[in-house]
Amino acid sequence: KAGVTQTPRYLIKTRGQQVTLSCSPISGHRSVSWYQQTPGQGLQFLFEYFSETQRNKGNFPGRFSGRQFSNSRSEMNVSTLELGDSALYLCASSSADRLYGYTFGSGTRLTVV
Amino acid sequence: AQSVTQLGSHVSVSEGALVLLRCNYSSSVPPYLFWYVQYPNQGLQLLLKYTSAATLVKGINGFEAEFKKSETSFHLTKPSAHMSDAAEYFCAVSGRGNNNDMRFGAGTRLTVKP
Chain A
1 KAGVTQTPRY
11 LIKTRGQQVT
21 LSCSPISGHR
31 SVSWYQQTPG
41 QGLQFLFEYF
51 SETQRNKGNF
61 PGRFSGRQFS
71 NSRSEMNVST
81 LELGDSALYL
91 CASSSADRLY
101 GYTFGSGTRL
111 TVV
Chain B
1 AQSVTQLGSH
11 VSVSEGALVL
21 LRCNYSSSVP
31 PYLFWYVQYP
41 NQGLQLLLKY
51 TSAATLVKGI
61 NGFEAEFKKS
71 ETSFHLTKPS
81 AHMSDAAEYF
91 CAVSGRGNNN
101 DMRFGAGTRL
111 TVKP
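From first to last, the protein sequence lines stand for chains A and B.
Position one of the first sequence corresponds to residue 1 (my numbering), numbered consecutively onward.
Position one of the second sequence corresponds to residue 1 (my numbering), numbered consecutively onward.
Hints are computed from structural coordinates only; laboratory data are not their basis.
There may be inaccurate statements among the hints.
[Stated by the list, open to error] If the Cβ cut is set under 10 Å, some of the chain B residues that face chain A in the computed set are:
| no. | residue |
| --- | --- |
| 1 | Leu18 |
| 2 | Asn41 |
| 3 | Arg96 |
| 4 | Gly105 |
[Said to hold, decoys possible] In silico contact screen, one side only, chain B against chain A (beta carbon under 8 Å); selected entries:
| no. | residue |
| --- | --- |
| 5 | Pro30 |
| 6 | Tyr32 |
| 7 | Gln42 |
| 8 | Gly43 |
| 9 | Leu44 |
| 10 | Leu46 |
| 11 | Lys49 |
| 12 | Ser94 |
| 13 | Asp101 |
| 14 | Met102 |
| 15 | Phe104 |
| 16 | Ala106 |
[As the list claims (entries may be wrong)] The calculated label-pair distances, taken between Cβ atoms and stated as ranges, are:
| no. | chain 1 | residue 1 | chain 2 | residue 2 | range |
| --- | --- | --- | --- | --- | --- |
| 17 | A | Gln18 | B | Met83 | 36 to 46 Å |
| 18 | A | Gly62 | B | Leu56 | 38 to 48 Å |
| 19 | B | Ser28 | A | Thr53 | 23 to 33 Å |
| 20 | A | Arg15 | B | Leu56 | 44 to 54 Å |
| 21 | B | Met83 | A | Arg30 | 17 to 27 Å |
| 22 | A | Gly3 | B | Ala1 | 26 to 36 Å |
| 23 | B | Lys58 | A | Thr80 | 26 to 36 Å |
| 24 | A | Asn71 | B | Ala1 | 25 to 35 Å |
| 25 | A | Tyr100 | B | Leu56 | 35 to 45 Å |
| 26 | B | Met83 | A | Ser86 | 26 to 36 Å |
| 27 | B | Thr5 | A | Tyr100 | 23 to 33 Å |
| 28 | B | Thr55 | A | Ile12 | 44 to 54 Å |
| 29 | A | Arg15 | B | Pro40 | 25 to 35 Å |
| 30 | B | Ala17 | A | Asn59 | 31 to 41 Å |
Think of the CB as a built atom: it goes at the ideal place given N, C-alpha and C, for glycine as much as any other residue.
Kindly produce the complete structure, drawing on both the sequences and the hints.
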C-alpha cells in the first residue's frame, strides 16, 4: 500500500510569510502526527490529529497550527515565518493505538530566508 | 510524561564489529518502545518495536533490542556492522492509550569504518 505522502518536498519562504504543508497518511490510518526536526533541537513534537480532532499538542507557539480532514489528510500551517522555523517537517501516520509505531513521510524541507 | 535518553550522539565502529546503541527510557506506566533509522534527507524508518510481548525484539536488517525493565533500557544491537548501517538512529517512547504522543531521543549517528 502507498506510504505517507508529504508535499511539497522543498520550500523556500521569506520571513513574515506563511506556509501550508500537506500530509496524506497511509490508507486506514486515522492518526497523523507532525514533528519538526532541526540539527540543534532534534525531533520536536508539534501536534497529533485523530478523526479531525487535535489529540495531543507539543510546546510550540500559536503560529503553528494544523487540521485534519475527513479523509484523514492533514495540513499544518506556520504563520509569520521566522528564520528559526527553517527545518525538516515530518509527518507520521499510525493506527489509533500506535501499536505498530509510526510510518513517516519523507518530510518537507522548509527554508526561511 | 514519557521520555528517552540516548547515550552517545556519535558512535563509530569498524565493519564487522558489534553495534551497540544505548537508550534509556522514563515512563510511569509500561511503555511502547521503538527504534527508528534515518538516512540523509529522508524520513524515519521503523527498525523494531516493543509492545509488551517478548522482551527480546528482532527487527529488520539484523538489528535487535532487549527491553530491560529493571534497568529501564532498550539498547539496540547488531552482531556485525555493515557499511550500509551508517545512518542516524532514534529511540522513541510512547505511552499506552490515545492521549500519549511519541517522544524521540536526540539520536545517535552511527559511522561504520571500512
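If you check the beta carbons of glycine 62 of chain A and leucine 56 of chain B, does the distance land in 38 to 48 Å? 44 Å, holds
Taking 8 Å as the limit, does the beta-carbon of glycine 43 of chain B come near enough to a beta-carbon in chain A? 4 Å, holds
Please check whether lysine 58 of chain B and threonine 80 of chain A have a Cβ separation lying inside 26 to 36 Å. 47 Å, violated
Does serine 94 of chain B pass the interface hint, meaning its C-beta sits closer than 8 Å to a C-beta of chain A? With a closest approach of 5 Å, the serine 94 of chain B hint holds.
Just to be careful: measuring from the Cβ of leucine 46 of chain B to every Cβ in chain A, is the smallest value less than 8 Å? 5 Å, holds
That 36 to 46 Å hint for glutamine 18 of chain A and methionine 83 of chain B (C-beta), does it hold up? 43 Å, holds
Arginine 96 of chain B was flagged as interface toward chain A. Is the shortest Cβ-Cβ separation under 10 Å? Cβ of arginine 96 of chain B sits 8 Å from chain A, so the hint holds.
Have a go at the leucine 18 of chain B hint: is there a Cβ in chain A nearer than 10 Å to its own Cβ? 25 Å, violated
Can we keep the leucine 44 of chain B interface hint, with Cβ of chain A closer than 8 Å? 4 Å, holds
Quick check on a hinted range of 44 to 54 Å for threonine 55 of chain B and isoleucine 12 of chain A, using CB atoms only. 47 Å, holds
Double-check phenylalanine 104 of chain B for me: the hint is only fine if its C-beta lies closer than 8 Å to a C-beta in chain A. Given a least distance of 4 Å, the restraint on phenylalanine 104 of chain B holds.
Min Cβ distance, lysine 49 of chain B to chain A: is it shorter than 8 Å? 5 Å, holds
Hints 1, 5, 21, 23, 25 from the earlier list are contradicted by this structure; the remaining hints agree with it.
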